[in-house]
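Undergrad: Letter by letter, the chains look like this.
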Amino acid sequence: MSFIPKPKVTHPKLPRNALGLTERDYEGGVSTLCAGCGHDSITAALIQAVFELDIPPHMLGKMSGIGCSSKTPAYFVSQSHGFNSVHGRMPSVTTGANAANNELIYIGVSGDGDSLSIGMGQFAHVIRRNLNMCYIIENNGVYGLTKGQYSASADVGSKAKKGPANRQMPIDPVSTAIGLGATYIARGFSGDKKQLVPLIKGAIMHKGFALLDIISPCVTFNDHEGSTKSYAHTRQFYHHVIDADFIPPAEEIVADYEEGGAMPVELHDGSKIVFRKVDKHYDPTSRAAAFSFLRDSIRAGEIITGLLYIDEETGDMHDLSGSVDRPLAKIPYEELNPGRETLSKVMQRYR
Amino acid sequence: MKPTDVSKPDYFHKVVDCQWACPAHTDVPEYIRLIAQGRFSDAYMLNRESNVFPGILGRVCDRPCEPACRRGRVEDKPVAICRLKRVAADHRDDIRERLPRPPARTNGKKIALIGAGCASLTVANDLLPLGYEVTIFEALKDTGGLMRTNIPRFRLPPKVLDEEIGYILDMGAELKLNHRIDSLKALLDSGEFDAVFVGTGAPRGKELDLPGRQEADANVHIGIDWLESVAFEHIERIGEKVLIIGVGNTAMDCCRTSLRLGANDVKVMARKPRGFFKASDWELEDAEEENVEIVVNHSPKAFVLEDGKLVGMTFEVMEYKVDERGRIDRGTVVGETTLPCDDVILAIGQENAFPWIERDIGIEFNEWDCPVVDETTMMCTREGVFFGGDSAFGPKNIIWAVAHGHEAAISIHKYVSGEDLRDRLPHGMNLSTTKMGMHEWSYSNNYDPSERRLMPHVDLRERFKNIDIEVELGFTADQAIQEVERCLNCDIQTVFEAKLCIECDACIDICPVDCLTITANGPEDELRGRLSAPAENLEQALYVSEELPQTQRVMVKDEDLCVHCGLCAERCPTGAWDMQKSRLLIPYAADEAEPERRRARAG
Numbered sequence: 001m002s003f004i005p006k007p008k009v010t011h012p013k014l015p016r017n018a019l020g021l022t023e024r025d026y027e028g029g030v031s032t033l034c035a036g037c038g039h040d041s042i043t044a045a046l047i048q049a050v051f052e053l054d055i056p057p058h059m060l061g062k063m064s065g066i067g068c069s070s071k072t073p074a075y076f077v078s079q080s081h082g083f084n085s086v087h088g089r090m091p092s093v094t095t096g097a098n099a100a101n102n103e104l105i106y107i108g109v110s111g112d113g114d115s116l117s118i119g120m121g122q123f124a125h126v127i128r129r130n131l132n133m134c135y136i137i138e139n140n141g142v143y144g145l146t147k148g149q150y151s152a153s154a155d156v157g158s159k160a161k162k163g164p165a166n167r168q169m170p171i172d173p174v175s176t177a178i179g180l181g182a183t184y185i186a187r188g189f190s191g192d193k194k195q196l197v198p199l200i201k202g203a204i205m206h207k208g209f210a211l212l213d214i215i216s217p218c219v220t221f222n223d224h225e226g227s228t229k230s231y232a233h234t235r236q237f238y239h240h241v242i243d244a245d246f247i248p249p250a251e252e253i254v255a256d257y258e259e260g261g262a263m264p265v266e267l268h269d270g271s272k273i274v275f276r277k278v279d280k281h282y283d284p285t286s287r288a289a290a291f292s293f294l295r296d297s298i299r300a301g302e303i304i305t306g307l308l309y310i311d312e313e314t315g316d317m318h319d320l321s322g323s324v325d326r327p328l329a330k331i332p333y334e335e336l337n338p339g340r341e342t343l344s345k346v347m348q349r350y351r
Numbered sequence: 001m002k003p004t005d006v007s008k009p010d011y012f013h014k015v016v017d018c019q020w021a022c023p024a025h026t027d028v029p030e031y032i033r034l035i036a037q038g039r040f041s042d043a044y045m046l047n048r049e050s051n052v053f054p055g056i057l058g059r060v061c062d063r064p065c066e067p068a069c070r071r072g073r074v075e076d077k078p079v080a081i082c083r084l085k086r087v088a089a090d091h092r093d094d095i096r097e098r099l100p101r102p103p104a105r106t107n108g109k110k111i112a113l114i115g116a117g118c119a120s121l122t123v124a125n126d127l128l129p130l131g132y133e134v135t136i137f138e139a140l141k142d143t144g145g146l147m148r149t150n151i152p153r154f155r156l157p158p159k160v161l162d163e164e165i166g167y168i169l170d171m172g173a174e175l176k177l178n179h180r181i182d183s184l185k186a187l188l189d190s191g192e193f194d195a196v197f198v199g200t201g202a203p204r205g206k207e208l209d210l211p212g213r214q215e216a217d218a219n220v221h222i223g224i225d226w227l228e229s230v231a232f233e234h235i236e237r238i239g240e241k242v243l244i245i246g247v248g249n250t251a252m253d254c255c256r257t258s259l260r261l262g263a264n265d266v267k268v269m270a271r272k273p274r275g276f277f278k279a280s281d282w283e284l285e286d287a288e289e290e291n292v293e294i295v296v297n298h299s300p301k302a303f304v305l306e307d308g309k310l311v312g313m314t315f316e317v318m319e320y321k322v323d324e325r326g327r328i329d330r331g332t333v334v335g336e337t338t339l340p341c342d343d344v345i346l347a348i349g350q351e352n353a354f355p356w357i358e359r360d361i362g363i364e365f366n367e368w369d370c371p372v373v374d375e376t377t378m379m380c381t382r383e384g385v386f387f388g389g390d391s392a393f394g395p396k397n398i399i400w401a402v403a404h405g406h407e408a409a410i411s412i413h414k415y416v417s418g419e420d421l422r423d424r425l426p427h428g429m430n431l432s433t434t435k436m437g438m439h440e441w442s443y444s445n446n447y448d449p450s451e452r453r454l455m456p457h458v459d460l461r462e463r464f465k466n467i468d469i470e471v472e473l474g475f476t477a478d479q480a481i482q483e484v485e486r487c488l489n490c491d492i493q494t495v496f497e498a499k500l501c502i503e504c505d506a507c508i509d510i511c512p513v514d515c516l517t518i519t520a521n522g523p524e525d526e527l528r529g530r531l532s533a534p535a536e537n538l539e540q541a542l543y544v545s546e547e548l549p550q551t552q553r554v555m556v557k558d559e560d561l562c563v564h565c566g567l568c569a570e571r572c573p574t575g576a577w578d579m580q581k582s583r584l585l586i587p588y589a590a591d592e593a594e595p596e597r598r599r600a601r602a603g
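Those protein sequence lines, which keep their order, are chains A and B. Just so we're aligned, residue 1 is where the first sequence starts under the numbering used here, counting upward by one. Just so we're aligned, residue 1 is where the second sequence starts under the numbering used here, counting upward by one.
If you are wondering where the hints come from, they were derived from the structure by calculation, not from laboratory data. This one's a predicted model, so the numbers in the text were calculated from it and none came from an experiment. It is possible that some hints are incorrect.
Said to hold, decoys possible - List of simulated lysine-lysine pairs, DSS-like, C-alpha gap at most 30 Å:
#, chain 1, residue 1, chain 2, residue 2
1, B, Lys77, A, Lys159
2, A, Lys8, B, Lys435
3, A, Lys162, B, Lys499
4, A, Lys147, B, Lys176
5, B, Lys77, A, Lys161
6, A, Lys8, B, Lys272
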């Protein structure tokens with residue numbers, strides 16, 4: 001943490017986006033997380049992504065639960081909406097928010113504890129609803145806020161700071177999400193913004209539930225030798241399967257991708273994600289292929305990163321429930337509440 | 001790129017742009033910090049070590065430091081470095097106890113200094129404490145050279161001059177006023193002196209040979225001579241309408257002096273348009289504040305006389321073209337005009353003149369009739385004769401003269417001691433951490449967004465009553481407190497230790513001015529283009545680290561816009577970044593004389 005706020009002075013040639021804002025306009029308060037925390041890098045990547053997507057700050061809803069990770073929304077886009085909910089209950093609160101106003105862009109920031117322990121049930125059901133949101137798990141394999149116990153994502157054999165190794169099987173959010181039917185599944189690393197920023201942009205623009213599992217080392221409790229979520233370990237076993245480039249709707253795809261290696265997928269708003277596959281045979285639109293590939297890589301001890309699965313066909317919660325396009329929050333009260341007479345007519349049908 | 005070698009003092013010295021730009025390498029950030037702490041005497045003494053005349057320079061320095069100031073790159077205006085120097089001088093206590101004292105017995109070596117200006121006085125300042133017997137010959141009736149004769153009293157009061165020159169003379173210099181040296185040969189032949197230093201300035205104002213010049217002589221004045229006559233009160237009046245020819249700093253002094261001697265319509269005639277003037281922006285501002293009109297694109301053609309008396313001057317009206325690189329052409333004449341006037345002052349430059357140096361005594365002169373002087377040793381082609389200030393390389397300014405004086409003093413000491421003049425002590429650099437604890441630094445690291453303070457001036461109605469009224473009042477305490485906080489502490493260096501870095505990006509994310517990047521190494525011009533923000537100032541070197549342990553990439557810092565807020569070091573979990581104070585060690589004659597002293601300073 002820092003004692004002085006980040007000075008307002010900027011580089012005089014700072015670029016501006018379509019709204020005339022600079023990246024600095026998308027900043028939040030100064031982080032009070034430990035210096036060097038991976039979460040802060042993710043915050044920086046988020047700022048860059050929403051800046052580049054020209055998102056008006058007031059059209060953003062930042063949602064979180066409890067934990068180090070869940071402090072993150074305080075550190076980006078101060079001028080937006082936000083809700084800091086009960087531990088593990090961010091998916092439900094976001095569901096409510098989205099049900100009331102589907103115009104906002106929802107970014108939920110959670111951690112391995114908030115999502116895979118106390119919030120596991122909520123996590124499964126928000127996937128089931130295919131809620132239109134970007135769901136980020138800042139995954140460090142440790143309960144940092146309570147001083148370093150193994151979390152549900154700690155790998156077998158990963159050592160705690162004081163020495164003992166973890167024996168319990170981890171829950172892998174990515175394979176879990178594939179199994180549960182999520183429609184956008186990616187993994188990134190806080191130490192690689194070049195890969196991370198397009199993944200976040202894709203996750204924001206994807207219509208439906210987008211899961212981003214981001215390895216985010218805990219410098220204080222899980223960055224030592226023997227840890228499998230340290231900067232050094234992640235870099236050593238880091239494996240880019242697929243790089244994904246996010247292309248906004250208006251832009252042409254400039255074809256400098258290697259033949260056979262590139263594969264564009266169009267999103268609902270006309271923007272595109274171009275996959276650049278390291279493994280030519282990998283098919284990111286096949287759930288079965290993604291699942292088996294992931295299982296093999298876990299066995300090999302590799303940390304697979306990139307956009308692993310995408311499905312643009314399944315509708316989101318509103319499509320599935322057939323709700324109106326207009327956000328409920330913007331429908332006038334008279335229209336939203338049809339009155340006593342209409343209500344009794346409806347009730348008549350059930351008599 | 002190769003990793004930056006920070007063991008060479010020049011690398012970090014260059015980051016302190018003000019100090020690098022100052023010919024005498026004044027430790028600007030440190031003296032500003034001392035002022036911030038209310039340690040005015042300490043700030044004064046630190047200044048004096050390098051620039052010798054803080055009170056004088058705090059008023060009239062040409063301030064090469066300010067255009068260089070990094071603050072001017074992140075916002076409009078640089079720190080008011082020069083006027084803060086005056087704050088140190090204005091608020092200092094009696095510092096005479098702290099001045100170096102000459103030893104009880106001299107070393108018996110005699111040095112002649114010709115001219116009692118800033119260059120000679122600097123040599124005296126450096127040599128007297130070493131035991132030299134110094135004699136200063138001055139042609140005029142008072143000391144100070146151009147500082148006294150060419151800078152009007154309303155900018156530089158005589159009291160300030162007397163005090164700071166007094167510090168030096170009181171160390172035991174023998175001063176011979178009204179003693180013009182007419183023959184260098186005679187002085188050298190006398191064998192009285194072990195070495196001779198020439199600090200006679202560039203005393204000849206340029207002449208403008210146009211029709212009517214001779215006939216109008218009574219009302220046409222050479223700027224620097226006229227200012228000198230005003231300084232010594234030989235001239236006390238001037239006509240109501242005055243034209244100043246030329247638009248350099250001397251012209252600014254001439255026009256403002258005229259206003260105090262009875263003129264009420266003063267025009268400064270410039271041949272070229274704005275942006276091509278020689279005068280410093282701030283001197284132009286001060287003149288225009290006094291309602292001096294600056295007339296551009298007028299090239300003088302002839303003096304107009306009626307009944308043998310000057311009544312006006314004819315000018316050709318010019319038009320210029322400026323190309324895309326900002327260069328101006330020679331111009332074309334598009335008209336002609338005559339302006340009425342009572343007096344004309346010529347301020348179109350000055351030249352060196354050495355009628356008193358014989359050409360057959362082994363001193364080689366170049367094509368401009370100036371002595372050939374070595375830029376390192378300040379010695380001319382005759383051994384034992386040294387030059388400094390304007391007399392060495394033509395008109396520059398006071399701070400250059402001081403810098404020359406320091407170098408010449410080292411050379412004179414070495415020459416007299418029979419040492420090799422070129423075997424000089426190099427610059428040194430000390431680095432020490434400013435870390436006091438968690439997120440605590442021994443300097444004020446927060447960025448203060450305040451704008452530059454404006455110098456308060458004496459009211460326009462008041463100031464013309466007397467030529468002795470100093471126009472600038474000096475910063476008030478409140479102004480000084482605000483202005484010191486604008487300094488970006490460029491001497492607090494960001495020092496990087498590659499082997500500690502875990503590449504967490506924390507420093508990059510927090511940097512307010514995007515000056516850090518972790519990336520693959522590459523050739524410099526290519527690397528400059530792909531940093532967090534392109535590094536476009538080619539004058540400022542990139543700080544490139546050794547390979548980082550985890551990915552073999554490199555940390556690159558573009559020093560150009562760094563505000564030295566220390567947040568990179570605060571956010572660094574491993575202490576790979578540290579904020580370290582750099583202190584440049586500049587050797588003076590005393591260090592050459594006693595290497596032990598230098599070691600003591602290096603601490």
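Undergrad: Look at each hint and say if it fits the structure.
TA: To see whether the hints hold, each was checked on the structure:
1. Lys77/B to Lys159/A: violated (55 Å)
2. Lys8/A to Lys435/B: Judged against 30 Å, a Cα distance of about 23 Å means the pair holds.
3. Lys162/A to Lys499/B: With a Cα-Cα distance of about 24 Å, the restraint between Lys162/A and Lys499/B holds, given a limit of 30 Å.
4. Lys147/A to Lys176/B: Outside the cut-off at roughly 80 Å; violated.
5. Lys77/B to Lys161/A: violated (51 Å)
6. Lys8/A to Lys272/B: Violated, at roughly 40 Å.
Violated hints, listed in ascending order, are 1, 4, 5 and 6; each of the other numbered hints is respected by the structure.
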